[in-house]
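Protein chains in written order, with UniProt numbering: chain E, 1 to 89; chain A, 1 to 89.
Hints were generated in silico from the structure; no laboratory data involved. Treat each hint with caution, since some may be false.
Calculated cross-link-like contacts (lysine to any residue; reagent style SDA-like; alpha-carbon spacing at most 20 Å) [said to hold, decoys possible]: (1) K20/E <-> L66/A; (2) K20/A <-> R3/E; (3) K11/A <-> G2/E; (4) K65/A <-> V23/E; (5) K20/E <-> E64/A; (6) K65/E <-> S36/A; (7) K65/E <-> G30/A; (8) K20/A <-> E64/E; (9) K11/E <-> E13/A; (10) K20/E <-> R60/A; (11) K20/E <-> K65/A; (12) K65/E <-> E46/A; (13) K65/E <-> L29/A; (14) K65/A <-> L29/E; (15) K65/E <-> K20/A.
There are 2 protein chains.
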Amino acid sequence: MGRVVIDVMPKPEILDPQGKAVVGALPRLGFDLFTSVRQGRRFELEVEGDVTPEVLAQARQAAEKLLSNPVIEDVVSVRDAAGAPEASA
Amino acid sequence: MGRVVIDVMPKPEILDPQGKAVVGALPRLGFDLFTSVRQGRRFELEVEGDVTPEVLAQARQAAEKLLSNPVIEDVVSVRDAAGAPEASA
Numbered sequence: 001m002g003r004v005v006i007d008v009m010p011k012p013e014i015l016d017p018q019g020k021a022v023v024g025a026l027p028r029l030g031f032d033l034f035t036s037v038r039q040g041r042r043f044e045l046e047v048e049g050d051v052t053p054e055v056l057a058q059a060r061q062a063a064e065k066l067l068s069n070p071v072i073e074d075v076v077s078v079r080d081a082a083g084a085p086e087a088s089a
Numbered sequence: 001m002g003r004v005v006i007d008v009m010p011k012p013e014i015l016d017p018q019g020k021a022v023v024g025a026l027p028r029l030g031f032d033l034f035t036s037v038r039q040g041r042r043f044e045l046e047v048e049g050d051v052t053p054e055v056l057a058q059a060r061q062a063a064e065k066l067l068s069n070p071v072i073e074d075v076v077s078v079r080d081a082a083g084a085p086e087a088s089a
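Please model the complete structure; the sequences and the hints are all you need to start from.
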């Protein structure tokens, strides 16, 4: 059984209110090293067999059509959880 | 400027309604290769200098205390975005 990991993050120019809330809360809890936080989403998709180039291509399409909102988010990574990144990434 | 990436996923035994919604929608859009989807969160934390072991240790603490809900989520990764994983991960 294979697994594909997809990472989706808010575009850099888009305000990220969840990240802002986190960066404001961190110093109040004693975490004083961080200057900026962005919060995005991570998906794990399982397939029956191995993670082939076809699987990665379909995962990339799904990421762009269903899993992300292209107006405000970027698909930053589509890769085999076992290690090999998408050839075209 | 360094960047730490933190991945948080729902625990395997916890129902993930967002993942269920995605896995139901995929075949309707023609994506027929995926048998299971889990949706979690990805954080990018920036620091002024390099990502030192101290930075990774504080990021790990922040991930467990603030960024995740330990009842329903696991912190699956805390790493330097530039490549090196947390020594203790």
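Results of checking the hints against the structure:
With a CA separation close to 13 Å, the supplied pair K20/E and L66/A stays within the 20 Å bound. Simply put, K20/A and R3/E have alpha-carbon atoms about 16 Å apart, close enough for the 20 Å limit, and the pair holds. Note on K11/A and G2/E: the hinted pairing holds, with a Cα-Cα distance of about 19 Å set against a maximum of 20 Å. Taking the CA atoms of K65/A and V23/E, the gap is near 14 Å; set against the 20 Å cutoff, the hint holds.
Restraint check: the Cα-Cα separation between K20/E and E64/A comes to about 18 Å, which is no more than 20 Å; the hinted pair holds. Distance hint between K65/E and S36/A is fulfilled; the C-alpha atoms sit about 18 Å from each other, no more than 20 Å. At most 20 Å may separate the alpha-carbon atoms for a hinted pair to count; K65/E and G30/A meet this at roughly 11 Å. Proximity of K20/A to E64/E is assessed by CA-CA distance (about 18 Å); at most 20 Å being required, the pair is judged to hold.
As the CA atoms of K11/E and E13/A are separated by approximately 32 Å, the hinted pair breaks the 20 Å bound. Of the pairs offered as hints, the one joining K20/E and R60/A holds, with about 19 Å between alpha carbons and a cut-off of 20 Å not exceeded. Restraint check: the Cα-Cα separation between K20/E and K65/A comes to about 17 Å, which is no more than 20 Å; the hinted pair holds. For the given pair, K65/E sits about 29 Å from E46/A by alpha-carbon distance, which is inconsistent with the 20 Å threshold.
Pair hint K65/E plus L29/A holds up; C-alpha atoms about 9 Å apart against a cutoff of 20 Å. For the suggested pair K65/A and L29/E, the alpha carbons sit about 9 Å apart, so the restraint of at most 20 Å is met. At roughly 17 Å between alpha-carbon atoms, K65/E and K20/A fall within 20 Å of each other, so this suggested pair holds.
Against the hints set out earlier in the document, violations occur for numbers 9 and 12.
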